[in-house]
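Engineer: Chain by chain, the residues run as shown.
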Amino acid sequence: MEREKIIAALETAFAEISGAEYEDEPETFAEFLESFKKFRDPDFPVYWIPYTIEEAVEALTDRNFGWHEDALKDEWSYTGEFSFICVDPETLKCLTAERSNGSCTVSVVFPILSIDDAVQVVEYFLRLVQQA
Amino acid sequence: MQLEQQTFTDEQIKQAIEEVWQELLQEADAEDYSLEEYLEDYRKYWNDPDFPNDIPEIVVRTVERLIGKTLAWYCELGRDPAGFTGEYSFIVVDPKTQKCLTFRQYTSDGINIHYFLSVTGTVVYYEDIIRLVNKLISYISPALNS
Chain A
354 MEREKIIAAL ETAFAEISGA EYEDEPETFA EFLESFKKFR DPDFPVYWIP YTIEEAVEAL
414 TDRNFGWHED ALKDEWSYTG EFSFICVDPE TLKCLTAERS NGSCTVSVVF PILSIDDAVQ
474 VVEYFLRLVQ QA
Chain B
33 MQLEQQTFTD EQIKQAIEEV WQELLQEADA EDYSLEEYLE DYRKYWNDPD FPNDIPEIVV
93 RTVERLIGKT LAWYCELGRD PAGFTGEYSF IVVDPKTQKC LTFRQYTSDG INIHYFLSVT
153 GTVVYYEDII RLVNKLISYI SPALNS
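Going line by line, the protein sequences match chains A and B.
Be aware that the first sequence starts at 354, since it is given in the numbering used here, and climbs by one per residue.
Be aware that the second sequence starts at 33, since it is given in the numbering used here, and climbs by one per residue.
Chain A with its partners taken away, still in its complex shape:
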């Protein structure tokens, strides 16, 4: 899928989630990620980031999924990494489950500190949905 289309879906999703759609000079998702990268403020509404990704994936696939997301932290603050679990409600299949060396993990972790990172994560989920 074209990068521009993914970015447009991310920006639309972010405007809805952050309430920016009602502001005169709304902050873009790209700007929001830049601020997060710079400050990593513990009071930052950090979950807007995974919610925006999930919303964009659902809009681009025109489907709903079951999600779990977590913003990872170290002793000081957010690390900029997010873990996701995604389940397809039609098949109940956990799309993020991966088997290796005899064990199975259910979550995937990505750093998301820029719009490029966000695009890559959306592309990853679009591939998962396509493969499923």
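Read the hints as simulated data drawn from the structure, not as lab findings.
None of these values were measured; they are calculated from a predicted model.
It is possible that some hints are incorrect.
[What the hints assert, rightly or not] DSS-like cross-link-like pairs, simulated, lysine-lysine; straight-line CA separation at most 27 Å:
| hint | chain 1 | residue 1 | chain 2 | residue 2 |
| --- | --- | --- | --- | --- |
| 1 | A | Lys446 | B | Lys46 |
| 2 | B | Lys128 | B | Lys101 |
| 3 | B | Lys131 | A | Lys446 |
We have chain A; now place chain B onto it with these hints.
Structural biologist: Just chain B, lined up with the frame of chain A:
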């Protein structure tokens, strides 16, 4: 394996918990430390972020032992500004089929993949672990059987 009709007695669950606890001690190369002692420490230090919370591991491994099946799982500890709330949020997946066993759909977009288990007042005794094991088995059984 059909689990809907299968129930486990408290004694069976207790025995499985004990076996799991011994397994965990061996893996940690720990000295003799009974589950009762661990739970006593848990009741004192449950809200200390450095205290190792083994409850999810004990619960899922006991379920695995009882149903004779390995599970893939994720557990998040519920937190509020004061710390751990005593809530455990489990996501359980069958590694063979990759089916999410804790999935529930209530409306077209009302999808939930977690199963929340809580321990009142975050004070955990042996019987609480038995209760958590029983509840998790009941919750995942329909999806395991379908």
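Engineer: Tell me, which hint numbers fail for this structure?
Structural biologist: 1
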